[in-house]
Amino acid sequence: EVHLLESGGGVVQPGGSLRLSCSASGFTFSTYAMTWVRQAPGKGLEWVSDISGGGGDTHYADSVKGRFTISRDNSKNTLYLQMNSLRDEDTAVYYCAKGPYTSTGAYTGDYWGQGTLVTVSS
Amino acid sequence: DIQMTQSPSTLSASVGDRVTVTCRASQSISSWLAWYQQKPGKAPNLLIYKASSLESGVPSRFSGSGSGTEFTLTISSLQPDDFATYYCQQYNTYPHTFGQGTKLEIK
Numbered sequence: 186e187v188h189l190l191e192s193g194g195g196v197v198q199p200g201g202s203l204r205l206s207c208s209a210s211g212f213t214f215s216t217y218a219m220t221w222v223r224q225a226p227g228k229g230l231e232w233v234s235d236i237s238g239g240g241g242d243t244h245y246a247d248s249v250k251g252r253f254t255i256s257r258d259n260s261k262n263t264l265y266l267q268m269n270s271l272r273d274e275d276t277a278v279y280y281c282a283k284g285p286y287t288s289t290g291a292y293t294g295d296y297w298g299q300g301t302l303v304t305v306s307s
Numbered sequence: 326d327i328q329m330t331q332s333p334s335t336l337s338a339s340v341g342d343r344v345t346v347t348c349r350a351s352q353s354i355s356s357w358l359a360w361y362q363q364k365p366g367k368a369p370n371l372l373i374y375k376a377s378s379l380e381s382g383v384p385s386r387f388s389g390s391g392s393g394t395e396f397t398l399t400i401s402s403l404q405p406d407d408f409a410t411y412y413c414q415q416y417n418t419y420p421h422t423f424g425q426g427t428k429l430e431i432k
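Residue numbers (the working numbering), protein chains in the order written: chain L, 186 to 307; chain H, 326 to 432.
Among the hints, erroneous ones may be present.
[Said to hold, decoys possible] Which bits of chain H does chain L cover? Going by a derived footprint, with three or more residues having C-beta under 8 Å, they are: (1) 361 to 371; (2) 395 to 409.
[Claimed, not checked] Straight-line C-alpha distance at most 27 Å; calculated DSSO-like pairs for lysine-lysine: (3) H/K367 to L/K261; (4) L/K228 to H/K364; (5) H/K375 to H/K428; (6) H/K367 to L/K228.
Since the hints were made in silico from the structure, they are not lab data. A quick note: this is a predicted structure, and the numbers were derived from the prediction, not measured. Ideal placement from N, C-alpha and C gives every residue a C-beta, glycine not left out.
Start from the sequences and build out the full structure, keeping to the hints where you can.
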């Protein structure tokens, strides 16, 4: 059974940094692209970033480009999102999702984690 | 970026009703559209991909159609478990934008 578990969320001051992790199990992690999607409180879904199965292909939303970095460690079955220069508007639940293929470019996710809450506040 | 606009934003319906949600793209996305269902406090759940392909395990009362810029999600006979928020997502071009959501409420 596919299982995705996010961790690393919490409260951080504006301008601070945080690293989210997504631990995967139940499938061959390196074979699938992965995505981060976020949802601000009471708002809709926002696509953030994705990465190919091998890690060589990445994409970012303009709102996070240059501040966030997606990466993965296939030996540890773990996806990461390094978030720097955090802003109030980055406050959200962050979900990781498994894509249907190794390459990026497909729909976001056939399996999703339950999310981790990031709160940016002074 | 491609803008995805869903209508209506809120839909009130009864168990057994047939309902349709529309999603419009600001430019052609071919058939690269997915639909998700989200319940409060839960992660989204994939329903439909490539505009009309039903994800494994999703009840057949859900169907999708459309291509280009106009798409629909139809639920043929609403069940109590279907009251949730529905999102469309285009994956033709980065960033893979979502619609603003349609909340399906009990009438």
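Tested hints:
1. 361 to 371: Coverage by chain L holds for the stretch 361 to 371 of chain H (7 residues, Cβ < 8 Å).
2. 395 to 409: That given contact is violated, which follows from only 0 residues of the stretch 395 to 409 of chain H lying within Cβ reach (below 8 Å) of chain L.
3. H/K367 to L/K261: Status holds; Cα separation ~26 Å.
4. L/K228 to H/K364: 13 Å, holds
5. H/K375 to H/K428: Between H/K375 and H/K428 the Cα gap is close to 22 Å, so the pair holds against 27 Å.
6. H/K367 to L/K228: 13 Å, holds
Violated hint: 2 only; the structure is consistent with all others.
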